[in-house]
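A.B. asks: Sequence:
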Amino acid sequence: MLPVILLVIHTAINLIPGTATDLFGGMYHYVPMHTVIKSVLNVGTIIVFLMAHEWLKRDDTSFKQGEFYVLTLSTLLGMYLMISAGHFLMFFIGLETASIPMAALVAFEKYRHNSAEAGAKYILSALFSSALLLFGLSMIYGTSGTLYFDDLPSFINGSPLQIMAFVFFFTGMAFKLSLVPFHLWTADVYEGAPTTVTAYLSVISKGSAAFVLLTLLIKVFAPMIANWQEVLFWIAIASITIANIFAVRQQNIKRLMAFSSISQAGYILLGIIGGTALGMTSLVYYVLVYAVANLAVFGIIAIIELRSKKVAIEDYAGLYKTNPKLSFLMTIALFSLAGIPPFAGFFSKFFIFMLPSMPDSIYWYSSHWLTR
Numbered sequence: 001m002l003p004v005i006l007l008v009i010h011t012a013i014n015l016i017p018g019t020a021t022d023l024f025g026g027m028y029h030y031v032p033m034h035t036v037i038k039s040v041l042n043v044g045t046i047i048v049f050l051m052a053h054e055w056l057k058r059d060d061t062s063f064k065q066g067e068f069y070v071l072t073l074s075t076l077l078g079m080y081l082m083i084s085a086g087h088f089l090m091f092f093i094g095l096e097t098a099s100i101p102m103a104a105l106v107a108f109e110k111y112r113h114n115s116a117e118a119g120a121k122y123i124l125s126a127l128f129s130s131a132l133l134l135f136g137l138s139m140i141y142g143t144s145g146t147l148y149f150d151d152l153p154s155f156i157n158g159s160p161l162q163i164m165a166f167v168f169f170f171t172g173m174a175f176k177l178s179l180v181p182f183h184l185w186t187a188d189v190y191e192g193a194p195t196t197v198t199a200y201l202s203v204i205s206k207g208s209a210a211f212v213l214l215t216l217l218i219k220v221f222a223p224m225i226a227n228w229q230e231v232l233f234w235i236a237i238a239s240i241t242i243a244n245i246f247a248v249r250q251q252n253i254k255r256l257m258a259f260s261s262i263s264q265a266g267y268i269l270l271g272i273i274g275g276t277a278l279g280m281t282s283l284v285y286y287v288l289v290y291a292v293a294n295l296a297v298f299g300i301i302a303i304i305e306l307r308s309k310k311v312a313i314e315d316y317a318g319l320y321k322t323n324p325k326l327s328f329l330m331t332i333a334l335f336s337l338a339g340i341p342p343f344a345g346f347f348s349k350f351f352i353f354m355l356p357s358m359p360d361s362i363y364w365y366s367s368h369w370l371t372r
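Sequence positions in the sequence shown follow this note's numbering and run 1 to 372.
By construction, these hints were calculated from the structure, which means they are not laboratory data.
A portion of the hints provided could be inaccurate.
Here are the simulated DSBU-like cross-link-like pairs (lysine-lysine), alpha carbons at most 30 Å apart as the crow flies [to be verified]:
(1) K325 with K57
(2) K321 with K310
(3) K219 with K57
(4) K110 with K57
Label-pair ranges, simulated between beta-carbon atoms [as the list claims (entries may be wrong)]:
(5) K219 with G318: 43 to 53 Å
(6) L319 with L184: 38 to 48 Å
(7) L184 with L2: 33 to 43 Å
(8) E230 with I313: 30 to 40 Å
(9) S74 with A120: 35 to 45 Å
(10) M164 with M280: 40 to 50 Å
(11) K321 with P153: 28 to 38 Å
(12) T146 with A338: 11 to 21 Å
(13) L2 with N244: 38 to 48 Å
(14) L77 with F155: 45 to 55 Å
(15) I303 with T21: 41 to 51 Å
Every value quoted in this text rests on a predicted model; they were computed, and no experiment measured them.
Glycine included, each C-beta is placed from N, C-alpha and C at the ideal position.
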């Protein structure tokens, strides 16, 4: 598998120490931390490629293997550009480079009705979110005269127009992360897309978007922290609560995982807005645990779907009898995602929940306000 070999080589090259440098007049930053994030994305993509190997050997998809690899690597290139962007123009180019091929991947099995429908819904949501985000960026440029990340903080003063610009920008990013109330497309797209594409969308795409949002909130919008931190806190709480309520009602395993990913996005947002060193460390650990557990679950779903065409939750009854190994792995991965001790997911959520006890955290102030 040539794509896997190329990603392994690229990951190995990333391990070679390098010095920070700028390209394209400062629009593209090369820093060691970015190579670490890209290497993590590479590893996740390699796992997705291995998951897709048997699926791509089927008669109805074998002739499209090249398309699948090209589209997936194109989205990965877009994520690279987003992560290393030092200018909002480069960021937006990377965003669209990642989004457009992803729409084709979602509709990869276009002759299946729900796959074509999922592709159409993803395109519409991506277009709408990109339009909102671009409108916000135009407001930022209108009030500051620059789109360079390093220059913008000195022009951010919390004016009403800049607050409106941030609202549009964050709304666009919230669509990408499937945060409540911008999550309505998620379940249908996750259900209709091929399972390996769903895994890629829920882990790799969401992980890169979370890192970019973290970078921009800290690097660009830090002067407006008083305007956005508490609002984002309540959005995170709503995402966790509402997603878990709707997850209970699902009959399809992929729709269940869709609402699980919405809930996990809420926890990721809590780590992003923590505003402390512990918050950043907790976020990194949480994303890694989430990625491993989620890829494990989707890998098992892909195996069972490929062998039996079953995706309903009731079809998994008795899995421990027919395939004890898959049942054991599925149990561990789901328990980890649910945060049940002693699995890694419990500790990742525990570190996130430790943040409210810190007096310099927004959570402490919110709790104090609720108990007055």
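A.B. asks: Are any of the numbered hints broken by this structure? If so, which, sorted upward?
C.D. replies: 3, 6, 9, 10, 11, 12 and 14
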